Amino acid sequence: MIYKISLPILLMLVISACNSAAPGDIGNKQSKSQVVTVSGVKLWVENCARCHVIRPPESYSDAQWDIAVLHMRVRANLTANEASAIVKYLKAAN
Amino acid sequence: MKRLLSVLTCISIVFPMTGGVAYADEVKNKDQYVSREQYDQLKREMEELRKQVQFLMKKGGQKRQQAKTFKDKEQQNTASEIAQLKRTVDELKVNNEKQKDGTTGFLLTGYGFAGYNDSQRTNSSFNAGFNPIFLWRLREDLLFEAEIEFEFENNVTEVSLEFAQLSYLLNDYLTIGVGKFLNPSNFFMERLHPAWINKLPDRPITMIETNPLQANSQLGIQIRGGLPIGSTKGEYAFYVSNGPSINTDGTLSFKDVNDSNNSKAVGGRIGWFPFSGFEIGYGFETAGVTDPANGSNTLDVITHVIDLNYIKNSKLILGTIDIRGQYSNRKIDRSASFAFDNSSSGGYGQIAYRPSLVQQVYLKNIETVLRFDWIDLPNVVTFNDEQRWTIGINYYIAASTMFKFAYRFDNKQGALDDNALLFQVSSGF
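Just so you know, the sequences run in chain order Y and X.
Using the working numbering, the first residue of the first sequence is number 1, and each one after it goes up by one.
Using the working numbering, the first residue of the second sequence is number 95, and each one after it goes up by one.
Read the hints as simulated data drawn from the structure, not as lab findings.
Keep in mind that the hints are not guaranteed to be accurate.
[Unchecked claim] Simulated coverage check for chain X against chain Y, where a stretch passes if three residues somewhere in it have a Cβ under 8 Å from a Cβ of chain Y:
#: 1; segment: 172-184
#: 2; segment: 267-273
[What the hints assert, rightly or not] Where chain X lies over chain Y, by a calculated footprint (3+ residues, C-beta under 8 Å):
#: 3; segment: 66-76
#: 4; segment: 80-91
Treat the numbers as computed from the prediction; the structure is a model and nothing was measured.
We treat Cβ as the ideally placed atom computed from N, Cα and C, and that holds for glycine.
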């Protein structure tokens, strides 16, 4: 029983510690002219890494990313705007 | 042309100067006149200069003509290149038409794995599986997806349909799906169970197929999507599906393709992302199962699920920390057949760390994992509560390919523990 109680407390402490410092956030160092790309990168990292190791943009061609991101839009409940920004970034970076 | 201008300029300069010299001579020798000889000399020089000017003007004209011819030729070449480009674009248009949605919008993806399991309760054994996923984008708003699982176990190749769903994206925030789909109220099974994603070689105890608390997949219809909530985001999924049936020992069976009664399972999950990398979710399912002792009696089954997910990539910790947790609680009505408190609960908590931001190439590919999972079953002799700790070390040889080594410490109440050494290599493609 102690395990079950201590585990969530331990997890919350780790989360709090990590969330207080975010110097490594992707996108913070980008210029305003790259807002669209930054948005795509950020969404790509946040949404894909939420479940699995992110696959590099060059893993798929443009046409393949269209299909893969549509699949993930359904599975990961991405909004249309999020999916669009992600696929735009992946196509620009592959 | 430049040369001509230079000559004329020189002439215009030389002539006044010559005149100045002659005038100076005249002033100097104002009593003298130009001789006939001098006059003829000047006339010859003048004639010579006139010829040179005419020659240069003629040459300039020829050059202008050559330049014009060259320009015309350039224009012809450009026009020819434009025509060629137009033909290429037309060809591309034709090819693009051929590749429109519904003809070639197809992607084969999926994963495969091979492993070894040496546990106390069973003989040690190798295992392997291959799960191709077929994605077909019929239109921009229509997707068909299916996964088939081929798994070599117990000397037979088991083939099963993991999911087969047609999804229609009604608008930016709502998708309708019909068919067989992974259980939306079970976050682990829907998002994390594939071998190339799961950080340990085995699943948490509440997800294993001998007695899962929830279904792995559902056969029915669902609506789902994501919604912005102020500066945060939420997600939702609700479904109606064929319900489970109850076994003679009071556990549930989720393998029925056809529903065992008219009481459908209704469930769903809502998730909220209050800040980057963190999600908390609540899932539920209500269903009715037919009482084996009385066919007209339906027993209610209610399941509640809470899940928590946090992923952070930070320089502070030189890498990525991945924290997961899921807790399920299921209650089935009492009846004459099951005259006990038929409640079950269980879940898992897992933490993984990978120093992905260090420079050392081998170190950055290593990941350590620790998981605690447990299940509390009804307090009757046929069931045994169980707790497990599993530690694992993974090595990534590519973004979606890893070797997993793990050891599981098991504590099964009133029965032989199932400590196990586990190995798996998995690859997503």
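Which earlier hints turn out false for this structure, listed by number in ascending order? 1
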